[in-house]
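Protein chains in written order, with my numbering: chain A, 15 to 447; chain B, 15 to 447.
Rather than coming from a laboratory, the hints here were simulated on the basis of the structure. Among the clues, some could well be false.
Copies of the same chain look alike in the list, so a pair counts if it works inside one copy or between any two.
[What the hints assert, rightly or not] Derived BS3-like pairs (lysine-lysine); straight-line CA-CA distance at most 30 Å: (1) LYS160 with LYS198; (2) LYS277 with LYS219; (3) LYS219 with LYS25; (4) LYS124 with LYS379; (5) LYS350 with LYS198; (6) LYS124 with LYS277.
Protein chains: 2
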Amino acid sequence: LSNGMYVQVRKTLHNMPACDVALVLESTPSKVRTELWQLIDPEFHGDVLEELSEDVRNGIIRNMVPEKVADAVEDMDTDNLVELLRTLPDDTVQEVLSSMDFQDRQRAEKALAYGEETAGFVMNTDTITLRPDVTIDVILRYLRLKGDVPEDTDTFYVVNRHDKLVGYVPVTKLLTARTDMTVKELMTKNAEGIPVEMPERDVAKLFERYNWLSAPVVDAENHLLGRITIDDVVDIIREDAEHSMMSMAGLDDEADTYAPIMKSTRRRSIWLGVNLFTALLAAAVSDLFEATLSQLAVLAILNTIVPSMGGVAGNQTLTLVIRGMALGHVSPGNSKPLVIKELAIGALNGIIWAVLIASVVALWKQDVMLGAIIAFAMMINMVAAGLAGATLPILMQRMNIDPALAGSVILTTITDVVGIFAFLGTATLMLMP
Amino acid sequence: LSNGMYVQVRKTLHNMPACDVALVLESTPSKVRTELWQLIDPEFHGDVLEELSEDVRNGIIRNMVPEKVADAVEDMDTDNLVELLRTLPDDTVQEVLSSMDFQDRQRAEKALAYGEETAGFVMNTDTITLRPDVTIDVILRYLRLKGDVPEDTDTFYVVNRHDKLVGYVPVTKLLTARTDMTVKELMTKNAEGIPVEMPERDVAKLFERYNWLSAPVVDAENHLLGRITIDDVVDIIREDAEHSMMSMAGLDDEADTYAPIMKSTRRRSIWLGVNLFTALLAAAVSDLFEATLSQLAVLAILNTIVPSMGGVAGNQTLTLVIRGMALGHVSPGNSKPLVIKELAIGALNGIIWAVLIASVVALWKQDVMLGAIIAFAMMINMVAAGLAGATLPILMQRMNIDPALAGSVILTTITDVVGIFAFLGTATLMLMP
């Protein structure tokens, strides 16, 4: 990005849709990113901010004056605006809010009052509502006069005098219906709205299950508050899936691929610290058998095999159960057959790999007894892995801990300790005088 | 599920929507599943099959006679029908096809000719097309006469006399436009269709980026072939995300949580086999230092710490890069700053954890030299982990191997071998006479 190219880059960025500009920003190291941001037309800032991930966005906003941020966000949909404000530090939010005009501020403050990651948080308030006693003809004339409907409108909601949801009419039905019909005759009745406090993850599940394009959001008295559209649900699904994958590696799910080095190092250190602790724990277990190890170096060489196999088998079960819980296939009510199944797989795995490792070790080290000992340890650790992999996520969910985040470390600690104890313990009993 | 309850269960299943019946089937062990299937009204079989995951669905179809399958699938949308047929064994597909009526069979065979996981494979052919020279008034009258439009229609596509795509009109625009306008005046021109051979993963990215609800699919000459709707894209996104998570644990992504024990064991054994091989490889590296280990049991006790820390650090980098590639932030073109960044993080991590482990070991074992040795090995392995974690997925993608599938094993092998070699090698040089 040498000096002579500024004009050209500015021009290129100017001709790109906002989502593509966002992709360019996400794909550049953080230093270049700040320079690129300066080259983007300020009118365009809001659109680009909407498309950026949390981490990258906050980095950019931290370098902007609050008035500029307020200008950039004033045309945003409520749901995107609130999502943006939520992730900013509290004092920045106050500064931005006080730079906004009255109407926008009120809209933002109302939405901020809903809990994070709830239906109220992701909904939009730009709904067109119909009254039951109006004819289709009147509605069509009104719409033609208005000349425009909110983006992504696939359904009109029908409310009574008290703004309570009583039904809905898909847009396509207005096109195919006889114009002398009333909304009441045309609408699907008994429409159930999404409660405003429903967690967004559950909202996404409903959308996926019923193939909705949009859904109404209501309060406890069934008053229509807004609507949720599929584009926001797609984001929820993607973030949720990413969250599981990233947190299983101990990474923050909003992590910016090109974040500054110091920040990345700090973030990853928690996980490495936890792992150091568990590695030391495993070393402490080995330490109990120092006398055995000092006499039989061959045990030291084979000591990692049983814990490693247990870790892989246990993590397979763990991942399967976490996915099953995310899809709603596994719940405390039907977990018993699952635990039994995973225990059986663990036992079967144990037999298979015990026989194999026994043969390898007996041949390699020319010691049948050693083969029998490692086989026995493998059996025990595989069963322990199946049991821990199946029960841990269920237990953690009951204690409201995210199993994707800590499940894998706890599991590996269990399989390490059990594996080393079983192997070195049996060896001490059988081989030491 | 005792005998007396059959009638009641049948009644309950009968009153549930298809997606909920599917959820019940997915949440039951495979034996009970077959019994439940018998209780479902055959008229309803097709709808339920559509909602089931591949694994569970194939298990059920294997127990059905081909005529029954053909009956069940005859009302399915083309995309769902093809997806179902694709996953069946070839001879079953032939039997089912020959049991179908002529029109259905032709439709299915045409769609089967498109490559798996391409746009042609997920598209639907039930599109309503408009001609440019018709007035809105005529179209509205036609639609009212027809009385119905295909499910999830949010956009009508405009084609010329040769069936080539020339533009599109959102449904809502038909509602708000003056009725004397022609389609040509109202439509958005130069609509670009999705090429029929585009991989479905790229289709999903386009939908996500541009917040589409549906998109037209065209052949190389821009002839309109069908449309893709957001509900199918949501499935692609979910499956893609799941695929990454599951394959990082070495599991088949369509795995059925309640699959029979033998089947699950067989599936997981590949991964365990690979892991046994790499664990033996690590043991073989330790074996090179048998003389050292037999004299200093303390090395055996500490031998797992450095490989374990390298594995965690490397997997963090690996996961981040795989995610970055999936989101399109990382490509061969901009991978250099990323590799440099991850190397720097590796070095920084190396220093931090080297100092820490050196202090712990020096205090625990009262041996400063031992602390220095493990610190040196930690430094080397952390840099190796950063390098391997950043370059492996990029190299694997270039060789068309899925990095989510094999990346983690290869990485762990590298960090194990480097870690053991660095620790035991340095110890041998420094501590042995």
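Consistency of the hints with the structure:
For the homomeric pair LYS160 and LYS198, the shortest alpha-carbon distances inside one copy (22 Å) and between copies (21 Å) are both at most 30 Å. Taking the shortest Cα distances, LYS277 and LYS219 sit within 30 Å of each other only across copies (29 Å), while inside one copy they are farther apart (34 Å). For the homomeric pair LYS219 and LYS25, the shortest alpha-carbon distance between copies (25 Å) is at most 30 Å, but the shortest distance inside one copy (42 Å) is not. For the homomeric pair LYS124 and LYS379, neither the shortest alpha-carbon distance inside one copy (72 Å) nor that between copies (60 Å) is at most 30 Å.
For the identical chains of this complex, LYS350 and LYS198 are neighbours neither inside a copy (49 Å) nor across copies (62 Å), given an alpha-carbon limit of 30 Å. Taking the shortest Cα distances, LYS124 and LYS277 never come within 30 Å of each other, neither inside one copy (33 Å) nor across copies (53 Å).
This entry does not satisfy hints 4, 5, 6, going by the numbered hints stated previously.
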